[in-house]
Every structure is written in C-alpha cells, then in structure tokens.
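There are 2 protein chains.
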Amino acid sequence: MTDSHTLPPRQLFAGHLVDIEHRRIFDAEITVSGDTITDIRPTDPLPHDAPYLLPGFTDAHIHIESSMMTPCNFARVAVRHGVVNAVCDPHEITNVLGVKGIDFMIDNARHSRFNFYFGLPSCVPSSSLETAGAAIDAAQTRELIRRDDLHFLAEMMNYPGVLFNDSEVMGKIAAAREAGKPVDGHAPGVMGEELQRYAAAGISTDHECSTPEEARQRIACGMKVIVREGSAARNFDALCPIIGESPHEVMLCSDDKHPDDLLRGHIDALVRRGVERGIGVWEMLQAACTTPQQHYRLPSSLLRKGDRATFIAVDNLRDLNITTTVIDGCVVYTREQGVIEQALTPGTPSTECPNHFEARPITEADLSTPLTDGRVKVIVAFDGELYTRCEELPVERLTSPEIQKIMVYNRYGNGRPQVGFIKGFHLSHGAIGATIAHDSHNIVAIGASDSDMVAMVNALIAARGGVGVTSEGRAEVLPLPIAGLMSQESAEEIARRYGRLDALAKQLGCTMQSPFITMAFMALPVIPELKITDKGLVDVLKFDFTELVSR
Amino acid sequence: MTDSHTLPPRQLFAGHLVDIEHRRIFDAEITVSGDTITDIRPTDPLPHDAPYLLPGFTDAHIHIESSMMTPCNFARVAVRHGVVNAVCDPHEITNVLGVKGIDFMIDNARHSRFNFYFGLPSCVPSSSLETAGAAIDAAQTRELIRRDDLHFLAEMMNYPGVLFNDSEVMGKIAAAREAGKPVDGHAPGVMGEELQRYAAAGISTDHECSTPEEARQRIACGMKVIVREGSAARNFDALCPIIGESPHEVMLCSDDKHPDDLLRGHIDALVRRGVERGIGVWEMLQAACTTPQQHYRLPSSLLRKGDRATFIAVDNLRDLNITTTVIDGCVVYTREQGVIEQALTPGTPSTECPNHFEARPITEADLSTPLTDGRVKVIVAFDGELYTRCEELPVERLTSPEIQKIMVYNRYGNGRPQVGFIKGFHLSHGAIGATIAHDSHNIVAIGASDSDMVAMVNALIAARGGVGVTSEGRAEVLPLPIAGLMSQESAEEIARRYGRLDALAKQLGCTMQSPFITMAFMALPVIPELKITDKGLVDVLKFDFTELVSR
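From first to last, the protein sequence lines are chains A and B. The opening residue of the first sequence carries number 10 in this note's numbering; numbering runs sequentially from there. The opening residue of the second sequence carries number 10 in this note's numbering; numbering runs sequentially from there.
Any given hint could turn out to be false.
What the hints assert, rightly or not - If we take Cβ atoms under 7 Å as the criterion, some of the chain B residues that face chain A in the derived model are: (1) I34; (2) V284; (3) E285; (4) R327.
What the hints assert, rightly or not - Facing chain A, from chain B, some residues (calculated, C-beta under 8 Å): (5) H31; (6) L55; (7) S240; (8) A242; (9) R243; (10) D246; (11) R281; (12) G289; (13) V290; (14) W291; (15) L326; (16) D328.
Stated by the list, open to error - FRET-style restraints, in silico, Cβ to Cβ: (17) B/L21 / A/S176: 56 to 62 Å; (18) A/G315 / B/S523: 45 to 51 Å; (19) A/R344 / B/P56: 32 to 38 Å; (20) B/E38 / A/P197: 27 to 33 Å; (21) B/R19 / A/H438: 54 to 60 Å.
Don't read these hints as lab results, they were simulated from the structure. Built from N, CA and C at the ideal position, the CB exists for glycine as well.
All chains, please: the whole structure from these sequences, using the hints.
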C-alpha cells in the first residue's frame, strides 16, 4: 500500500523466469513501466548463474503487532526474505484501541511500498470473561467491512458461536459475505459434521490445524488451509505432506512472529524447509506465491504481462537466497545494498504512539492473598504449550519454590489485580511482566516476591506498556508505547532488547524456553484448562469463573 | 562386486524412507539380514531431524581410467557422495592392453564392496588413423560378451559404421543382442532419419547429447539419454529440462571425471543442481537412482523388501548431505567416521601395474621440421572445446609466440614422432606432455622449445606413462604406471600432484583452463577439424591424413 510517488519510467529485468502456473522456466526479459509489467520477451539463453525471477512470497495470515514492530518496520525485514504481501489481522491493537487501532496500522502501512492487506477483526473482544479496550459488534462490522481498505473478515475464532448460530457472530459473517469479502476461520480440533457446518457458514480458511487429518478434512469441506509456523505455534513439519498433496488449497503464514525469528527467516525459510522434507519446489511456490494471491484476490503479481511489477530474484531454486525484491516497479532490496530505504518507505510515517492505558500504580497490599486453609487451584503451565492444567494443592504447599504468584490487572480503567498461583516457570527470585496478554492485553506478571511484582507492574505502567524483568526491586523494561504492544524501534533493536530480557528471565531461574510467549497466553480464557484474567480465575472447560480456593 | 565376506547378522536402520516409485516418504525401520532387506516396518513418527533413507546414486556411464585411480580408490571417493553403483566402460585401458586391461579392472573392483558393472568396449581401436595397443573384432566380441562379468556392449561410437551397416560393427551389436545385453550409444549430432536407424540397430542409450532437441529426439526413438557432467564435457545445465520432462528416460553420468572434481562432488551434486534449476527432487531421484538400475538391470536396490541392502542416508532432501552409505548390508561410509576401510575394501587388491609401453627415448633430431616455404596447416585449439580449426599460415609466421609445436609418438612400438603446429596454448617456454591421449593413448606433447619437448617425452617414457610439465630442461611427472593411464595413489594424492602440474603449466604461460584435458583430445581423429596422431596429421572432415605443408 503506498501513495503515488515518482516511479522510474521504464526498466528491464532479465533472468530465468519462473512460471509457476505452467511449471516451466524460460529465459526472459521483463519490461516494467511504472508499476506494471508491460512486456515479457523470451531471450537467447542466459548464463546459468543469471538470477531466477519469481513472484514474491505472501504471508497469508499475520498479526503484525506480535512482531512488536510498526508495519513500516516489519516491511523492512520482510522484503529481505522475498516477502512482498502480508494478509494482516490487526486483532491485537483493535482489542486495545478499537477502530483507532485499525486506522493506525493502515495509516502507518500506507507509507511503505510493501503490500499490506488488512482485514477487519471479527472478535473484539474475544470473550466476556476479560476486559478489553474496545468492542465491535455486528452492526459496526456491517459498516466497517464495506471499507475499501479492509479486505476480509479476520479470524472468526468464536467457533462455538458459529456452531450454535449466535446471532452476533452470524451477523458479522453475513455482513462480510454481502460485501463480497472472504471470512477467515480459526477452529482448532473441530472435525466431522461440526466442521462441515463451520465451513458451510461461509468461512473459507483455517490456520489452526496441527494434524494432516484436520487439514485434509478442511480441504474436503472446500476450505483452504494456512500452514502456520510462528514463534509460538509451529505446525509446518506436521502439515508438510498436505502442501505436496494440495498446493492449490494451501497457503503459508507466520501468525505471530517475534523480531528475532523474523530476522532469521520468513516464508522463504518455509519454502526451503519444504524442499528439505521432499515437497516439490513447484508445490512450495504454489503455496507461497500463487494460492494466497488468488484466494484473497490480491492485485495479480504472478510475473505475467499486465501484472503488477512485484517480484523477486533469487540465486537459484534450492538455496533461494533473495538477491532482489521489486515492489510495484521499485527495487526495494538488493543483496548488495540491503533495504533501499527511499524506495521501500517513500513516505514519513507518524511517530505518534496511540495507546489506551488508564491503570494506576499498585502496592503490595493489592497482591496479598490471605489464605489460611483449603485447597488452592494452581495453574500448571508447560513449556511450549498454550494450554494449562489445574492442580489443587493445600495452602501450605504454596510456599514451595516451584510455585509463584501470577497477577492480571485491567489496564483500561479502575479495578484491582486478580491474583492466582502458577507452576512451571520456576522463578527463584524477581518477576517478569508484560502488557502483551492475549487477547485483551491487560497487565500480566509472574513473580517470586510481591515487591518485585509490584515494581514490575508499576514500571510497565510508567512506560505505558512493554515487556520487562524485575530483580531485587530494579525493573528493566522494553517499552511498547504503541497500544502497549509495539515499538517505533527497528527489528534489530527490539530483538536485541527482547533477547536481553529473555536472558534476564532465565537468570531468575525461569526454565521456559520462551517465558514471555507462554506468559502471554496464561490470560487467554479460550484455551483450557485453568487461566486467569483481569476479572478472575477462569475454568475454561466450564467457560466460567471459578474460586481460587476449593472449600 | 565383492567376494563373500563375513556380514553382520541383522541390523536395523530407522529414518524417513524415500519411496521414489510412489513418490512418498514414510517413517520406517528397515531390517537388514546379511546383504538383503528382509523387512520394512512403518514406525511411529520419527523426529524431523531423523535421516532420510533413499536408494544410492548410480553413475550410469564412466571411464574409471579418467579418474586416474584404480576402481578400489575410485570407490573410496564415490561412496562419500552417496554413489553406490557405477556402469563402467573400460574403453581407455582396453585400447592400451586389450582384454588384459578389462581383467585388471574387474579384478581390482572385485576387492571393493562398491558395485561396479563393467561393459565390453565396442571400439578397440577407435579408428584406423592411429596406432592403438590392442584390437577386439566382432568374433572376439561374440565370445567376450557372453562373460557373466561383462554386462553390456559399451559406447558404440562408430556411428558411421552403424549407419553404413558396417559388417564388423553390426556383428558386434548382434552378438550383444543375442546375449541379451544392452548396447550403449554415442552419436553426437545424429538426428532425424539417421538417428532412427541408429536406434533401430538396437542401441539404447546416448550420453553425447548437448541440446534438449537432441535429447528429445533420442527419447522419441525409444532411447535413454544419459546426461553427462564430467571434467571435460558438461551438458547438465543445457539438458536439465529433459530430466524434468522424462525422468524415466534419463540417467546421469560423469563419463570422464578427474580426481579433484570427484572429490568436490559426483551424482549428488547433480541432484542438488537440478533442484537449484527448478527440477523436482523426485524427478532428480528417479534419474539418479531408479532409471539406471532398471535400464541396466542392476540387482534391485530400491529400498523395498527383498532388495539388496544398498542405500544411503542424507540429512534432508534439499542439502542432501550424505550421512551414511550402506552397500550390501555393510556401512561403508558415515559422515562422522569417513570411509570405513575394512567394510568398503574387504580384500587386498594387487599392486601390480599392467602396462604396454615400448617407445624408446627421442632426440631433438626427431622433432626437427625443416620447412622452408609454403603454407603450414596449424591446429587451432579452443579453451574448453574438443574440436579444432585448421589455419594455414606462411612458414615465417611459425616463429610467432602464439604458435607451438605439438608431437604425437607411438608408445606401442617403433616409429618416429609426428610433429605439427598448434595455436591456443600460448606456452612461452617449456613443454607439457602426457600418455593420456584419446583414444589410443600414445605420447602427446606441446612445447615452446624442442629441448623441453624431448626432456618431457623422455621423462614420460622413463616413468612408463604419466602427465608432466618441463621447464628449462627439468621435467616433473605424475607417474601413471597402470597402462600409462592410472596410479595406485589415492584421490587426494593424485589431485594434489595433478593440481601442481596444472599450476606449473600456467606458469609456462598456458592460457587453457584445463591444459591436459584439451591436449588429450588433440590426438583424437574423430572430432573435427585438424588433429594429429602417431601416424600423421589428420583432416577429420575427410577422415584421412593430410600434408603439413600446402604446396
């Protein structure tokens, strides 16, 4: 998405042209006039070390917010990996800021030549068991989905609502369908007859599959499967065979991806990995380039005459090292020069940091839990998993070194922290905290001492959002002043500071591989079994609040 | 090929099994009893970093002699690259030693567990325009082709003989067909109706194609195409698309490959390169593993129950790093341990060096060319090409620094060196020489001074064969005491010494990229235009001798 800027008048690009549709490669010279491919001419054989030209990659489902970067900064990393399109669901910032969050993302993205395709979040808030910063109902959805800059209805995660024919949910879906815009799904584990009904409601994708059988059932129902490989959920290896079987029904996505991971690789890394696992490169390119363009009806950029002049050059189809990225006729990256800043980001995005942060500092008294007897429900967290188990322990066992306090505190208004107990993080001292806590992004903290938890929470409040670690009363915070989710800093800077916090958390004794990611899901009351929100402890299986102490 | 040795009783190998026939990969445990796969059992999912098990690679056409190594030493390099079978034509040594040369190769190969499949050379000698060390006629062919250790009739390069129905040529082909053994071809540039007649004669392969059109015509005639990538002729890049189109009709070979090249990569490198160029990995594996086993009816080693336990393990199908090579149930190579010598070479091959070398030392008088007037025919050689052009120059121009003397000297008996002039090597001083000179392997030398040429030739005679460089009267020779073609040394040692000679030749001013390879073809009178043999200067287009001086 970009404003009109002066484009070079006419350019020629020569190479081995990769025609995914016909599965052929031919030597050609491409004429680009403005932002369009105006001619493709076969040439005499080029040297074998000439570049291979192919359509750029599409990330078919991503919450840019999880990168902690602005869209403009995200693009600066993506183009190095040959990614030129991102199908974006601004679900996180919208749960904090409502439509103002969507508009911030779109406005920032407008200053980058990278192609962002935003959808309208369908689940704001995600549930009634927590306090979000905004709400969008079916009536507003009907208005908003008509906007030209919102291309689909995003991630309908309320699948019970679909199956039980909830009028709000069905109203949102109907609005999207009437506007002629696709509806994205999210239905982990839904199978058989229920899945058929979910698909029949008009939901055409799912990126939550984790087994080949789930994926095959979705494809049989006419849905497309978006194979996800993010920083938290990683389904690529398990779903690899599906890409080989049905490349026209499969896309690739990262969903949630941290800056350090993004710097290492993006969709390009998945194409390579597929080939490692025996999937044909044509099938991988179909899923990485063609299927998402067609499914989301993106402006055609498939290296045909008349297409947008958006493509990449690679050294060869095995190593897939990106040598050039071209978007809308502009070279935005070359291996030699790196990102070409004035081409990729011709505008000057605002440095404004919209936020929604009302919480007031807390004291140790706010965290006190005067328990005397009974059995206490403890959240048991597991490394690399989003689900938890509930374990009931006698009060006297809470002083065990394997149990810490967890706290969630409404950041949008008045209220008091909700306090529970958690096992699995193994903090021996200090505390960790963040304002990234799916999906309402209240303040979450886990700590070995009340004083460190208080210092942590108050430091996050002072920064108006962030991620942090506190040890012996001293807090270190990576500030995320945009909605408490994102920073104006570059990927490298965020990765550096985030990496430092990760190391500090491990110095506290934390044994989780990704402590902040796992913590961020402890407040999400839609994944079983025991979670905690700003409103209280939630028994997810009953979809209701529960008492901390069993009487 | 191997004598019976004690085999381990029963072994299990687990990995992602690559089933090329059905284009699927499944996790399995392979039971090997003795040299046979006795069971294949699907397992629970293995970790993604488990090895991929696939059939080993086959080099479908090679003259081992060009590696300058014995078969046993060749195998020590091949197995590192996952090559387990080689379809061998002992054409070079047979032109020197006759059947004794074939027997030497087979006897040496018998001491290695590597699978060598030898054919009977069809063209000994290659032509009547030079003196070879031996001759095998149709009657002898009829006897020899019945031998159990000769599996096919090799490389029928006398394609004019086939097209003109030469009785000797047709007799050899008929003998092979009656013995039920395939006949390999060699028909560069033969097209259309002539090609149909060549194929109809019963010739079923060609490894001399250099264009896709040649390859497609051969496949249309029912022949198989062996895509060649050797040290001299390199056709892989041009023929790549054919592998994608017709993997069941295509095999891969190296034909002639030097030790330094072999150390860098073999058939494994071609599979990688194919994937780089957009050919599917399944098509590459079909050509590298399956098609040659089927065409040459090799003992089946395709990872099926009942097959020979000959297979390889690789890290993944993109990087294709060979982690283990198993031949007939024995682990002969692992990435950690390298070649497992007692498993790969259980026998002790003879250190005998059979040879055929009668030439006596020469003097400067033997090279004198008392030319006074007229125009002299000069051989014009080109870097990387086997053909030459003829240029006629006035006698006085022969002293130009761009022209050197070339000499070919019969090594099999009495005779005198034949002397000509050559352009393209640019030696400013010294001489280079070798007893590798296709196809009769007489002594060839090129020099800037007669004294250096004499020193070169006499040093090669003293060594009873080799490759060498002489500068200021001092000769350095890599001795090749086996038939003047091969050494008992290892690949590394030959590569080191050959590399040194190559550098020395360049210090003499030689501008050819591979001086010895190009020189070796200056004596081959079947590739146009002007060549020189031990019998004299040859006008290849007239297939007859010609005078040095035009009168």
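Taking the hints in turn, this is what the structure says about them:
no., hint, in the structure
1, I34, "holds, 5 Å"
2, V284, "holds, 4 Å"
3, E285, "holds, 4 Å"
4, R327, "holds, 4 Å"
5, H31, "violated, 12 Å"
6, L55, "violated, 11 Å"
7, S240, "violated, 17 Å"
8, A242, "violated, 16 Å"
9, R243, "violated, 10 Å"
10, D246, "holds, 5 Å"
11, R281, "holds, 6 Å"
12, G289, "holds, 4 Å"
13, V290, "holds, 6 Å"
14, W291, "holds, 7 Å"
15, L326, "holds, 5 Å"
16, D328, "holds, 7 Å"
17, B/L21 / A/S176: 56 to 62 Å, "holds, 60 Å"
18, A/G315 / B/S523: 45 to 51 Å, "holds, 48 Å"
19, A/R344 / B/P56: 32 to 38 Å, "holds, 33 Å"
20, B/E38 / A/P197: 27 to 33 Å, "holds, 32 Å"
21, B/R19 / A/H438: 54 to 60 Å, "holds, 55 Å"
Of the numbered hints given earlier, the model fails hints 5, 6, 7, 8, 9; all others are met.
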